[in-house]
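Novice: Each protein sequence line maps, in turn, to chains U and G. Numbering of the first sequence is given in the numbering used here, commencing with residue 1 and proceeding in unit increments. Numbering of the second sequence is given in the numbering used here, commencing with residue 1 and proceeding in unit increments.
Hint data in this document are derived by calculation from the structure and do not stem from the laboratory. One or more hints might be untrue.
Restraint-style ranges between C-beta atoms, simulated for each label pair [as the list claims (entries may be wrong)]:
#	chain 1	residue 1	chain 2	residue 2	range
1	G	214	U	489	36 to 46 Å
2	G	429	U	84	51 to 61 Å
3	G	371	U	84	48 to 58 Å
4	G	289	U	360	38 to 48 Å
5	U	372	G	412	45 to 55 Å
6	G	429	U	327	52 to 62 Å
7	G	371	U	56	54 to 64 Å
Computed from a predicted model, the values in this text were never measured in an experiment. In this text, a Cβ means the ideal position worked out from N, Cα and C, and glycines have one as well.
The chain contents come next:
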Amino acid sequence: MELELRGITKRFPGVLANDDVSLTARSGKVLALIGENGAGKSTLMNILSGIYRPDAGEIIIDGKQQHFADPGDAIKAGIGMVHQHFMLVPVFTVAENVVLGVEPTFAGNILNRKKANKEVEEISKKYGLAVDPKALIEDLPVGLQQRVEIIKVLLRGAKILVFDEPTAVLTPQEVTEFFGIVHELKSRGATIIFITHKLKEALAIADDITVLRGGKVVGNADPKTTTQEELASLMVGRDIDLTVKKSLANPGEVVLDMAGVSVMDDYGRPILDSIDMQVRSGEIVGVAGIQGNGQTELVEVITGLIPLASGAIRLKGQDMAGSSPRDIHKDGVAHVPEDRNHMGMIGSFTLAENLVLDSYYEKPFSKGIRMQRQAIDEAARVLVKDYDVRPPHIENTGGALSGGNAQKMIVAREFSRDVPLVLCAQPTRGIDVGSIEYIHEQIVKKRDEGVAILVVSTELDEIFALADRIVVMFDGRIVAELNTADTSPTEVGLYMAGQAA
Amino acid sequence: MSNQGSDYQELPVESYTSGESKSKVLNKNKIRRARIIGVILLILAGVVMFVLAPAAEGNATFGLSFPDDRFQLDALSVPSTGSLYILALVLGFLGGTQFLKGFQSKSTIILGISFALFVVAVMIWATAGQEFSLISMLVSTIARCTPIALGALSGILCERAGVVNIGIEGMLLGGAFTGVVMGSLVGGWVGLISATIVGGMLALLLAFLAINFRVDQIIIGVVINILVLGLTSFLTAQVLVKRPEWNDAPIFPAIKIPILGDIPILGPMFFDQTILVYGMFGLVVFTTYMLFRSRWGLRTRSVGENPKAADSLGISVAKTRYLAVIYGGMVGGFAGAWFTLGTVGRFDEGMTGGRGFIGLAAMIFGAWNPIGAFGAALIFGFSDSLQQKLALINTPIPTEFLSMTPYLVTIIVVAGLVGRARPPAADGQPFEKQ
Numbered sequence: 001m002e003l004e005l006r007g008i009t010k011r012f013p014g015v016l017a018n019d020d021v022s023l024t025a026r027s028g029k030v031l032a033l034i035g036e037n038g039a040g041k042s043t044l045m046n047i048l049s050g051i052y053r054p055d056a057g058e059i060i061i062d063g064k065q066q067h068f069a070d071p072g073d074a075i076k077a078g079i080g081m082v083h084q085h086f087m088l089v090p091v092f093t094v095a096e097n098v099v100l101g102v103e104p105t106f107a108g109n110i111l112n113r114k115k116a117n118k119e120v121e122e123i124s125k126k127y128g129l130a131v132d133p134k135a136l137i138e139d140l141p142v143g144l145q146q147r148v149e150i151i152k153v154l155l156r157g158a159k160i161l162v163f164d165e166p167t168a169v170l171t172p173q174e175v176t177e178f179f180g181i182v183h184e185l186k187s188r189g190a191t192i193i194f195i196t197h198k199l200k201e202a203l204a205i206a207d208d209i210t211v212l213r214g215g216k217v218v219g220n221a222d223p224k225t226t227t228q229e230e231l232a233s234l235m236v237g238r239d240i241d242l243t244v245k246k247s248l249a250n251p252g253e254v255v256l257d258m259a260g261v262s263v264m265d266d267y268g269r270p271i272l273d274s275i276d277m278q279v280r281s282g283e284i285v286g287v288a289g290i291q292g293n294g295q296t297e298l299v300e301v302i303t304g305l306i307p308l309a310s311g312a313i314r315l316k317g318q319d320m321a322g323s324s325p326r327d328i329h330k331d332g333v334a335h336v337p338e339d340r341n342h343m344g345m346i347g348s349f350t351l352a353e354n355l356v357l358d359s360y361y362e363k364p365f366s367k368g369i370r371m372q373r374q375a376i377d378e379a380a381r382v383l384v385k386d387y388d389v390r391p392p393h394i395e396n397t398g399g400a401l402s403g404g405n406a407q408k409m410i411v412a413r414e415f416s417r418d419v420p421l422v423l424c425a426q427p428t429r430g431i432d433v434g435s436i437e438y439i440h441e442q443i444v445k446k447r448d449e450g451v452a453i454l455v456v457s458t459e460l461d462e463i464f465a466l467a468d469r470i471v472v473m474f475d476g477r478i479v480a481e482l483n484t485a486d487t488s489p490t491e492v493g494l495y496m497a498g499q500a501a
Numbered sequence: 001m002s003n004q005g006s007d008y009q010e011l012p013v014e015s016y017t018s019g020e021s022k023s024k025v026l027n028k029n030k031i032r033r034a035r036i037i038g039v040i041l042l043i044l045a046g047v048v049m050f051v052l053a054p055a056a057e058g059n060a061t062f063g064l065s066f067p068d069d070r071f072q073l074d075a076l077s078v079p080s081t082g083s084l085y086i087l088a089l090v091l092g093f094l095g096g097t098q099f100l101k102g103f104q105s106k107s108t109i110i111l112g113i114s115f116a117l118f119v120v121a122v123m124i125w126a127t128a129g130q131e132f133s134l135i136s137m138l139v140s141t142i143a144r145c146t147p148i149a150l151g152a153l154s155g156i157l158c159e160r161a162g163v164v165n166i167g168i169e170g171m172l173l174g175g176a177f178t179g180v181v182m183g184s185l186v187g188g189w190v191g192l193i194s195a196t197i198v199g200g201m202l203a204l205l206l207a208f209l210a211i212n213f214r215v216d217q218i219i220i221g222v223v224i225n226i227l228v229l230g231l232t233s234f235l236t237a238q239v240l241v242k243r244p245e246w247n248d249a250p251i252f253p254a255i256k257i258p259i260l261g262d263i264p265i266l267g268p269m270f271f272d273q274t275i276l277v278y279g280m281f282g283l284v285v286f287t288t289y290m291l292f293r294s295r296w297g298l299r300t301r302s303v304g305e306n307p308k309a310a311d312s313l314g315i316s317v318a319k320t321r322y323l324a325v326i327y328g329g330m331v332g333g334f335a336g337a338w339f340t341l342g343t344v345g346r347f348d349e350g351m352t353g354g355r356g357f358i359g360l361a362a363m364i365f366g367a368w369n370p371i372g373a374f375g376a377a378l379i380f381g382f383s384d385s386l387q388q389k390l391a392l393i394n395t396p397i398p399t400e401f402l403s404m405t406p407y408l409v410t411i412i413v414v415a416g417l418v419g420r421a422r423p424p425a426a427d428g429q430p431f432e433k434q
């Protein structure tokens, strides 16, 4: 089936999310839709899946104009969405998830589980999507969960499959497998729309590329002839340097020394399992791993946010066990948290207030019980300028900033302090390319000042761009320690999946 | 960058001994827990040995049959002092073993068994030199677990769909009041149906505020509880006192099921009860089956676990939640009728006495599963009935202490024995359609 969008326009209060967007997804081909966050990709997809209705424009499938009143209409027209955040019920089985809403039943609406399992197996076989229909979703790795999502839309007869950032949560091996699935679907005549901001993947899989910026289509590209740099400039609207420039690391003394560090969850099971790790001054250690393998806890235990079950954490030789998060933060550890909206800042506070969240109680920001508004504002103005936070109005609330600028504000607060260790958890998650470039520069600069830096990221590209040394976490353990120069994304990917070791 | 390789090999190697410490940490926690349980058991053994046993005299006699039962069982008579010392030794042995070695994964079961033994010890001590009708206590256990199990079921229905219902107490009270008034005016069956409808209407209020207006569900629950308590107290004082004929409903009689009702002990417990108790059994079984085997159940649970996913598949989250909450409320109202139409036939202010909250505890202890919640309700029903029967015979325990028992048990069970069950993932979260 061929899908054509003509002049789609969608206005939200104050924002023109889609401005006269026209594109074509050819039958049996892969169209990559690329653009930064806020470029209007999600709005466009929500229009396509019947969640929003466009203010103007037409959706045409095989020459026929369509009107979607709700997601059900889009499903009936043959459009299937595979959402970035999987729409699965973790405590249900694969089959239960797949048939939810179109359940085969006996009389009296009693579920026919056998038939449900069979329906899943049939599609599995037909498209080469092997998965056990009786397995619980929560027991499956993310790659398999994605298959379940695909089976779900295929069962509903989708001919046009829309994948929203499908590789964001996959290991490199799973990405390869996923591309195999896309080829299989393609060969069976499915039309595929692939939304991504990963240019490499768009080039690898797409037959056509459409670039969105600021709600408009700014260009179409042929993946055979274009380059990542060209796409990036189209996407951002200016020239972009995708590589991080850095010199060789010059590691000095051990700053962070973790020995046998374990952390338990509420049920007494280990989430961190005897972690041994050192970070030296003047080096960047990258922690690679799929989300949820203990990286969050690693950062939280170093910053004192969760208690240590056993082992020792030493900062410049000093035991940090039992120190309060404030003491750890004050004397030694800057922390750019992974969830900037919940841990990094307070959305309803002003920029100035957010910039002194960690030091408001100290001189010169406080005298006795009174806060010194003037000193706070002065310091904030300097930081906002130094770290290029835009717009630089310190009286605006933090919540009004874009993701990239909010992150720059947090980086400004954390990096402006003179501490021996900096923790950056997912420092560039979900922010624009320009801000990524800037934050990466700042991290390298900090390293060159002789600070020890730990970067946790689920993006392998980021790990390889920044890290001098890579540790891979799997299931709460460190399964590999590698020098960046001596390894490859493929090798790290194998460790991330827990397959090597 | 490859020249860094040599640099890192100088790092101390002795700290890289993983593998062992995992089990060590686990053990440390386990051992501490085992010790604590062990000490608790040893204390219980000490209480039986040094407090209960010396104070007991003569035989403790437990009646196992009612006088008019077809098959009569002889009353069970045990020498109180001797059996108490034996129980003390058993408890001491379990406690000691647990303290030294630990029963590993079985320690929770051992803890449960030990509490049961301790309860037996208290019963023997309290009955020493007297006769105690064990059978009547067991029968009343089932009766008294009825409103708790139904209250828990009401909570399960709402929470499985993602709506927290702490207004069960109010639904019970509303059902009890309506049941007695309509029962007095028209008749028992009409009373029961009216009670069920009132429960459903209170749930409709919960659903309306929680789903359409996304009001905090805890607050709605509290409001329902206070509203119903205030309203029924006012109406009792202003209306029922002046018109006592409106507060005099017929009580549903116990219906004996032929043959099954004659089985010793089990017969009177399970097959010679009122329709409210049979209704409870029916609702528990029916709801369990429907929740886990039917299309309605799958959709209801999906809405309580991941409403976004359900919505993306064309399932109406609001409609599904409304249905489940109203069904839950009707179960709550039905349970309320037990307090009046199932027992005394008259309404007193606040007569539900927190059974709705105990139902919530049973729901959690039963891990949001109706059968599990029924099991938990049995424990609460037992403690409730035990305190009531012990108050009848002359025990040294003051009745004020005895009437605390069900609530004490609730605290112990919820705080100590619950191995943190997992609630539905979207429990209490309003759903906002994009």
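Novice: Taking the hints in turn, state whether each one holds.
Specialist: Status of the hints after comparison with the structure:
1. At roughly 45 Å, the beta-carbon separation of residue 214 (chain G) and residue 489 (chain U) lies within the given 36 to 46 Å, and the hint holds.
2. Checking the proposed 51 to 61 Å range against residue 429 (chain G) and residue 84 (chain U) shows it is violated: the Cβ atoms sit about 20 Å from each other.
3. The beta-carbon spacing between residue 371 (chain G) and residue 84 (chain U), approximately 38 Å, falls outside the hinted interval of 48 to 58 Å.
4. Evaluation of the 38 to 48 Å hint for residue 289 (chain G) and residue 360 (chain U) yields a failure: the beta carbon distance comes to about 58 Å.
5. The given range of 45 to 55 Å is respected by residue 372 (chain U) and residue 412 (chain G), whose C-beta atoms sit roughly 53 Å from each other.
6. At about 36 Å, the beta-carbon gap between residue 429 (chain G) and residue 327 (chain U) misses the expected band of 52 to 62 Å.
7. The hint said 54 to 64 Å for the Cβ distance between residue 371 (chain G) and residue 56 (chain U), and at roughly 56 Å that hint holds.
Going down the numbered hints, you'll see the structure goes against 2, 3, 4 and 6, while the others check out.
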